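Use these hints to put chain Y onto chain G, whose structure you have.
The chain contents come next:
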Amino acid sequence: MSRDQAPGEEGYRKFEDFLKHWSRRDFMKNISIGAAYTAFLAGGVEFMEACANAGSGNGPSVAAKKGGHLTQGSISDIKSMNPVLQSDTASAEVIGLLYDSLMNTTASGELRPLLAKELPKTSSDGLTYTITLRDNIKWTDGSPITADDVKFTYDLMFDPQYKAVNSPRRGDLETYVQSITVKDAKTVVFQLKKVYAPFAVNQLQYGILPKKVWGSLSPTDVNTTDLNTAPTVTSGIFKFQKWDKGQQVTLTRNDSYWQGAPYLDTFIYKVVADGVAIGNQLKTGEIDMGQIDPAVLADVQGNPDLQIVNFPVAIFTFYAYNQNATAKVAQMFSDKAVRQALLYAIDRQGMADSLYFKQAVVATSSMPPVSWAYNKDAKPQYPHDVAKANSMLDAAGWTKGADGIRAKGGQKLSFTMITNAGNKVRENSLVAMQDAWKQIGVDATPKLITFPQLVAQITNDRSYDVFLVGFSWQADPDQSALWHSRNTAAGGFNGFGYKSSNMDKILDDAVATLDQSKRKQLYFQMQDILNDEVPAPILVFNKGIWGMTKRVQGVTGGDFGLGTYTQFQNKAWMKSAFVADGK
Amino acid sequence: MLARYVVRRVVASIPVVFGVTLITFGLLHATSGAFVPGLELNPNLRPEDIIRIRNNLGLNDPLPVQYWHWISGLLHGDFGRSLVDGSPVLRHISDRLPNTIELTITAILLGILISIPLGVVGALRRGSVIDNFFTFLSVAGVSIPSFWLALLLILLFSVSFHAWGLPWLPSGGAESAFGGGDPIDRITHLILPATCLAFVYIAIWSRFTRSSMLEVLSQDYVRTARAKGMSERRVTYLHALRNSLVPLVTLIGLELPGLVSGGAIIEIVFSWPGVGRLALERALQYDYTMVLGLTTFVALLVVVGNLLADVIYALLDPRIRYA
Chain G
1 MSRDQAPGEE
11 GYRKFEDFLK
21 HWSRRDFMKN
31 ISIGAAYTAF
41 LAGGVEFMEA
51 CANAGSGNGP
61 SVAAKKGGHL
71 TQGSISDIKS
81 MNPVLQSDTA
91 SAEVIGLLYD
101 SLMNTTASGE
111 LRPLLAKELP
121 KTSSDGLTYT
131 ITLRDNIKWT
141 DGSPITADDV
151 KFTYDLMFDP
161 QYKAVNSPRR
171 GDLETYVQSI
181 TVKDAKTVVF
191 QLKKVYAPFA
201 VNQLQYGILP
211 KKVWGSLSPT
221 DVNTTDLNTA
231 PTVTSGIFKF
241 QKWDKGQQVT
251 LTRNDSYWQG
261 APYLDTFIYK
271 VVADGVAIGN
281 QLKTGEIDMG
291 QIDPAVLADV
301 QGNPDLQIVN
311 FPVAIFTFYA
321 YNQNATAKVA
331 QMFSDKAVRQ
341 ALLYAIDRQG
351 MADSLYFKQA
361 VVATSSMPPV
371 SWAYNKDAKP
381 QYPHDVAKAN
391 SMLDAAGWTK
401 GADGIRAKGG
411 QKLSFTMITN
421 AGNKVRENSL
431 VAMQDAWKQI
441 GVDATPKLIT
451 FPQLVAQITN
461 DRSYDVFLVG
471 FSWQADPDQS
481 ALWHSRNTAA
491 GGFNGFGYKS
501 SNMDKILDDA
511 VATLDQSKRK
521 QLYFQMQDIL
531 NDEVPAPILV
541 FNKGIWGMTK
551 RVQGVTGGDF
561 GLGTYTQFQN
571 KAWMKSAFVA
581 DGK
Chain Y
1 MLARYVVRRV
11 VASIPVVFGV
21 TLITFGLLHA
31 TSGAFVPGLE
41 LNPNLRPEDI
51 IRIRNNLGLN
61 DPLPVQYWHW
71 ISGLLHGDFG
81 RSLVDGSPVL
91 RHISDRLPNT
101 IELTITAILL
111 GILISIPLGV
121 VGALRRGSVI
131 DNFFTFLSVA
141 GVSIPSFWLA
151 LLLILLFSVS
161 FHAWGLPWLP
171 SGGAESAFGG
181 GDPIDRITHL
191 ILPATCLAFV
201 YIAIWSRFTR
211 SSMLEVLSQD
221 YVRTARAKGM
231 SERRVTYLHA
241 LRNSLVPLVT
251 LIGLELPGLV
261 SGGAIIEIVF
271 SWPGVGRLAL
281 ERALQYDYTM
291 VLGLTTFVAL
301 LVVVGNLLAD
311 VIYALLDPRI
321 RYA
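Taken in order, these protein sequences are the chains called G and Y. Mind the numbering: the first sequence is residues 1 to 583 in our numbering, read in order. Mind the numbering: the second sequence is residues 1 to 323 in our numbering, read in order.
Bound conformation, chain Y alone:
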């Protein structure tokens, strides 16, 4: 049953991926006009050079032909080569991906571990001082721009703590430039960016858990469970919590592409050598092929993330039919 469901979902994903590649390709073409902005503006290129370069790059082919070249490479796992340095896009991704995953997995784990208890406590003690305090934190978490929070954290825990002679946290990078790289060193570098990133997750997910929990607690089956004389603890954790987590799974599943791109701003502020920073750097350098490759890669992850969420969803909620 489950296998059939998964196969159906995978098949349904194919047109989505195809559509994404088409839109990405089309959009990048539309924005760049001449494929690469500024080609015609380069004062050092003669008209014949411009024509030759466009021919070399296959830019004078009709758009569908260009798309076909690219998509057929993609089907063979070839994401193309960077326009800026000529090396394969996939190698860049594989160089940076471990760092990004280290950061985002840590942040997501922190987010889950903190947000669910906060949400449950908030729901169980609705309207209490502690609930109001959590609400305040969530609103703050959603409203504070993460780059600003990041800068403040750096200012306080790195620069100021260092100036005050206190133990301080590194302000950037994934490890110390000199003599770094051991697990402790990496963890100290991870603390600030992961906290920053987790802050937003905590803010959103704890609200979600809270409202979902409240809704479930008012359901008939919870009343039935209580009526059967089940202990309040069993009602809360076995029936209510489990069911209230179903929508949260979707939400977290949607964060899977965020594993790659979600932390871009944090990566930049903390000089974190990840994929998000790579994407921004290369976008600013008009590394067209890199942006195309990265966008497609992230799009694939979104599809896979949704798929995984759907499967877990089905496992958690027996009401969801595999059909």
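Okay, chain G solo, but in the shape it has when bound:
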């Protein structure tokens, strides 16, 4: 989903979503699942965006035990248990346990069938997706889940007769979907308007609702029905028990779940004040698991009652050179040697270690390392090399003046750098960059502004010199949002004005084919070009950190561990999770 799709009729709903995103916590928490316009991160809690495949961790070393409860701490309460209306992460986490979707994603972002029997069968022109449902799937009332339920759910999200439903998916679905037809009780066909490779990953992961329960509601009732706060008939691994607003959601085991009942009797999603409270409640055992704020990591790390798991996330922190023709620095930053030399001068490993408390890894390309499209050999690489940076600038004709600042043709290598105030890691990053660049004769001055101002600078004003911000990616490797030239238009995320017809073609070709090996090849090319051009260098990829009490077992490891992409759609690990004491 890139932002360049028009918002369609859903302006109001998106506006509401947007409001939610201005809450700092929610802003960041919504990103990985929400619309792409939220992709810039205000930061701080972005670490808490979990997470990718935990290579190691607590595999089921103990034989799985039945029974007991697991309490997860969350800093946000849910807002709705309706997959058609949901747009925030907390709600998505609970909805994923109540309603299964057609598809699910593995930790590396690949599609896996869930309610569907297999991956969608696509026609040779790439426009028709035929999805066959499993035979053994049923609602909690015992009736089978059918293609009618699937069509009904998608109708709620975007059919014109349901315009009054506050669906945040309408814009996207209208852009891609021509029609949805029920072929037989177990087969549903999605007819698309154009070939768009990210479609299945982005649009087939919404929970399916039972038509017989919801079908009688009027469109406006769908927005306000009590079923949104207390669902009756569901399909997921757990069933709804109660929601004490502001406190917790309690779910119980679904014995008729098609994959078999979970080991756990009860799952509780508990609202906790903040990262500090999550740390405290983990220590006292009031909660069993929760995302760890890096600020309290040192405090919980040595605790004998806790296990800490960390893993890379699909979020990176980057800075960008303003190359828009109107920018006063456009000329100096159009010099590739300058862009590359500045990156060589930065000790990114040192930043990852000291500023990110080792909870970040130096980026080697723009693709999240967890993605199937990640090119680990992308060239060139930029290890910390001050001598090389100096010689590159010398060779490019940027010579030091009497004040020690390099200049060429009367223009000094001097500029300001902006980021959002309040994010300590980013503030310190700018200071580190200022210091590093001073050593090669470059004068850079940090300047802090508010987050909304920063976003406005990036997407509209574009009068900055250099900005630093975080960005969150979805499961599909399409990166048009940042690198495609059409997104240099006002409102687009390519606010640094990177324009390359070659890059545009690669990005367009990569979404216009369903052939994954071909896409992979194109994305490898994309990473090589970006590493060479460095229009907006990626500093680091962040990590997500989870804390769990020792009694929690069977959560991590494997394809379906706590993951960047699996976590919010469907907690596949819930099937193997158990508590060692069975309580």
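Rather than coming from a laboratory, the hints here were simulated on the basis of the structure. Watch out, some of these pointers could steer you wrong.
[As the list claims (entries may be wrong)] Short, incomplete list of chain Y residues facing chain G, as computed with Cβ under 10 Å: (1) L155; (2) F270; (3) P273.
From a predicted model like this one, the values you see are computed outputs, not experimental measurements. We treat Cβ as the ideally placed atom computed from N, Cα and C, and that holds for glycine.
Relative to the frame of chain G, chain Y by itself:
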């Protein structure tokens, strides 16, 4: 007599409430500018969407018209709907209010029960070691930020006690997530936040009781009572204490709106599902209508609290005329 007094006070309250709604409405408008900050900054909204949304929300109406829409809803008991989740503001308040009242009533009761004896003892033994100690406690109570005290209490009585294997108190929430909800469970969850909140009350009210008591003890009628040969106990508790409590009633009456908002910080630190936390959460999410509704609700409580205090004041002090 009393009825007339109450009616007069109620009538006098109406312009106050009206003024509060006007100021709240105006202030929120002034701070938000475009009603909701960031509307124009949303990169995904086209200009025509922004205009349409503003029309949908009635934002292109003149300000007085907007105010009229809101205030006429208010007169029908309609506090509006949350911008964030679309549900009625009043339902949110009624969901959270019982928890907040449980916390603040407990804290106020603790405050009264502890502060008055402390104040009386301090006044009767002025300058003694114990008086100095109470003074020290009061100063500490007023000066220590409550969120800091709360964190320390959590660290000691929850985290450390748990680590030392001692009986420990829960660090947050109104009840245990699993198998909680019985009275004992709720009380154990109440202890730390209520103590924290009561600490400030105790600090202020005990000082108040002390100085008020000292003042009353030097009054003529106390000397007269003593001169009549009344026992010191009767003088202290019947004459002095009763009269010294009059100003305290005002002070406690003023805490009535605090029933809703006063414990916000404590509610946040202890993850307490109350109204104060709701207000802060929604303010951070720019839930304009929720903030407006909550502020008005609290303002009404302030007015009612003052009214109640005035009535009790009049009952306690015969010198106050009903006229």
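Item to complete: Could you tell me which of the hints above the structure violates, numbers in ascending order?
Response: Violated hints: none at all, because every hint is consistent with the structure.
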